[in-house]
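Construct the complete structure from the given sequences, taking the supplied hints into account.
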Amino acid sequence: MKAILTATLLLCTFALGKNDQLKCSGQEQVIVTDPNWTDMSKNCTTKMKDQIQREINAAMQYLAMGAHFSRDVVNRPGFAKMFFEAASEERQHAIKLISYLLMRGELISEVSHMIRPYSNVKKNHWSGNGAEALKAALELEAFVTKSIKNVIKVCEEEPKNNDYHLVDYLTGEFLEEQYKGQRDLAGKFSTLSKLLEKYERNEKHGALGEFLFDKKLLKGELL
Amino acid sequence: MKHLVDYANSHIVRSFDYLLMSTHYGNYQKNRAGFEKLFRGLSDSKWDEAIDIIKHVTKRGGTMKFEHPKSLKASTTHEFQEIQSVAKALDMEKELALKGFDVHREASQRSNNKHDPEISSYIEKEFVHGHAHTIRKLAGYVSDLNSMLRESDRALSLFLFDEYLQKE
Chain G
1 MKAILTATLL
11 LCTFALGKND
21 QLKCSGQEQV
31 IVTDPNWTDM
41 SKNCTTKMKD
51 QIQREINAAM
61 QYLAMGAHFS
71 RDVVNRPGFA
81 KMFFEAASEE
91 RQHAIKLISY
101 LLMRGELISE
111 VSHMIRPYSN
121 VKKNHWSGNG
131 AEALKAALEL
141 EAFVTKSIKN
151 VIKVCEEEPK
161 NNDYHLVDYL
171 TGEFLEEQYK
181 GQRDLAGKFS
191 TLSKLLEKYE
201 RNEKHGALGE
211 FLFDKKLLKG
221 ELL
Chain S
1 MKHLVDYANS
11 HIVRSFDYLL
21 MSTHYGNYQK
31 NRAGFEKLFR
41 GLSDSKWDEA
51 IDIIKHVTKR
61 GGTMKFEHPK
71 SLKASTTHEF
81 QEIQSVAKAL
91 DMEKELALKG
101 FDVHREASQR
111 SNNKHDPEIS
121 SYIEKEFVHG
131 HAHTIRKLAG
141 YVSDLNSMLR
151 ESDRALSLFL
161 FDEYLQKE
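These protein sequence lines map, in sequence, to chains G and S.
Position one of the first sequence corresponds to residue 1 (UniProt numbering), numbered consecutively onward.
Position one of the second sequence corresponds to residue 1 (UniProt numbering), numbered consecutively onward.
Honestly, the hints are just simulated from the structure, not real lab data.
Careful: at least some of the hints might be erroneous.
Listed next, the in silico DSBU-like pairs over lysine-lysine satisfying Cα-Cα at most 30 Å (straight line) [claimed, not checked]:
#, chain 1, residue 1, chain 2, residue 2
1, S, K55, G, K96
2, S, K2, G, K96
3, G, K135, G, K149
4, S, K167, G, K96
5, S, K88, S, K70
6, S, K55, S, K137
7, G, K216, S, K59
8, S, K55, S, K88
9, S, K55, G, K135
10, G, K47, S, K37
11, G, K160, G, K146
Just the calculated beta-carbon pair ranges, DEER-fashion [as the list claims (entries may be wrong)]:
#, chain 1, residue 1, chain 2, residue 2, range
12, S, G41, G, E156, 32 to 42 Å
13, S, L160, G, F211, 54 to 64 Å
14, S, Y28, G, D50, 43 to 53 Å
15, G, K42, S, R105, 47 to 57 Å
16, G, K180, S, F101, 37 to 47 Å
17, G, D34, S, S75, 24 to 34 Å
18, S, F101, G, D72, 26 to 36 Å
19, S, A155, G, D34, 28 to 38 Å
Keep in mind the model is a prediction, meaning the values are calculated, not measured.
Beta carbons: idealized from backbone N, C-alpha and C, even for Gly.
Next up, the structure:
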């Protein structure tokens, strides 16, 4: 009996090595016939998977920004907190998109290539001051928004297969959050820029403004 | 500090490995909510720990560099059979624990001017016990699955074990 089990496991490993999952399922005597119920188009699914990677890229960039503002020579704990939280939020977005695809019967195989955390190597180190960071964050969010709109467009314009439900989900949940987030960042960027204006005209950094702004960020006192 | 940066990056890589393993169990054909939950939980904790380690790198004056750790083998697949997935998780946890030991060893070289009690204490306090706990838990799962799959109905064993994991 033990020999048989080992053989079974070996067969499975072999099958898995070739990414052939069905062979393996056969070994555990579970026959899953395809009930043919899924209806997402391939183009749309591919776009959704790309979007998952983009959310992960955003998460990784925010991590790098959080790490930068945590350094003792930079010392902006408010900015660091904001960016670490943003990183976890972007990761949550990726997970939400994955859950959606699972709900629609997708991601049955080949999930491994969906996420590559270090594919955006350029961003492995981030440096800049607070205003530059807020601007970069705003640009990043705008890029993500544009990319979501593109997913919507592809999934809506599929001939004979307008994916109403996904389009509604992306519009109602994701775009809603994107636009609110962008307004928040844009407001913060304006506030900080005004604090720094006088200094920037003299090509100075505006250390006091950034110091104050950072402490307010840390305590959540900025609207 | 190099080892601590490597430790943080290893947590990030493994967090996403667990996320993909969890994803596999969430598809409608595998449909094992318990395994999905187990790996999702591991993914979440690796992610949170990664952020904590990054903060600690900067706390100690280091600079975080984001890259895939050279010493860490990338996973080529995330679609495993139930028992294999738990065994894989066990391997990954042991590997992470050993990486924690590397950080600790580097910080404990008392005679080589590298003695750093703060770092070794951080690893001891925040990581080694957690690693031991997770490794023991996963090893127990492997034993249970192994004995059940050997003598009972495979499909029923996996169904019931998955249900058990859902409530853990």
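Hints versus structure:
no., hint, verdict
1, S:K55 <-> G:K96, "26 Å, holds"
2, S:K2 <-> G:K96, "34 Å, violated"
3, G:K135 <-> G:K149, "21 Å, holds"
4, S:K167 <-> G:K96, "22 Å, holds"
5, S:K88 <-> S:K70, "20 Å, holds"
6, S:K55 <-> S:K137, "28 Å, holds"
7, G:K216 <-> S:K59, "21 Å, holds"
8, S:K55 <-> S:K88, "28 Å, holds"
9, S:K55 <-> G:K135, "23 Å, holds"
10, G:K47 <-> S:K37, "26 Å, holds"
11, G:K160 <-> G:K146, "24 Å, holds"
12, S:G41 <-> G:E156: 32 to 42 Å, "36 Å, holds"
13, S:L160 <-> G:F211: 54 to 64 Å, "59 Å, holds"
14, S:Y28 <-> G:D50: 43 to 53 Å, "22 Å, violated"
15, G:K42 <-> S:R105: 47 to 57 Å, "50 Å, holds"
16, G:K180 <-> S:F101: 37 to 47 Å, "45 Å, holds"
17, G:D34 <-> S:S75: 24 to 34 Å, "27 Å, holds"
18, S:F101 <-> G:D72: 26 to 36 Å, "27 Å, holds"
19, S:A155 <-> G:D34: 28 to 38 Å, "18 Å, violated"
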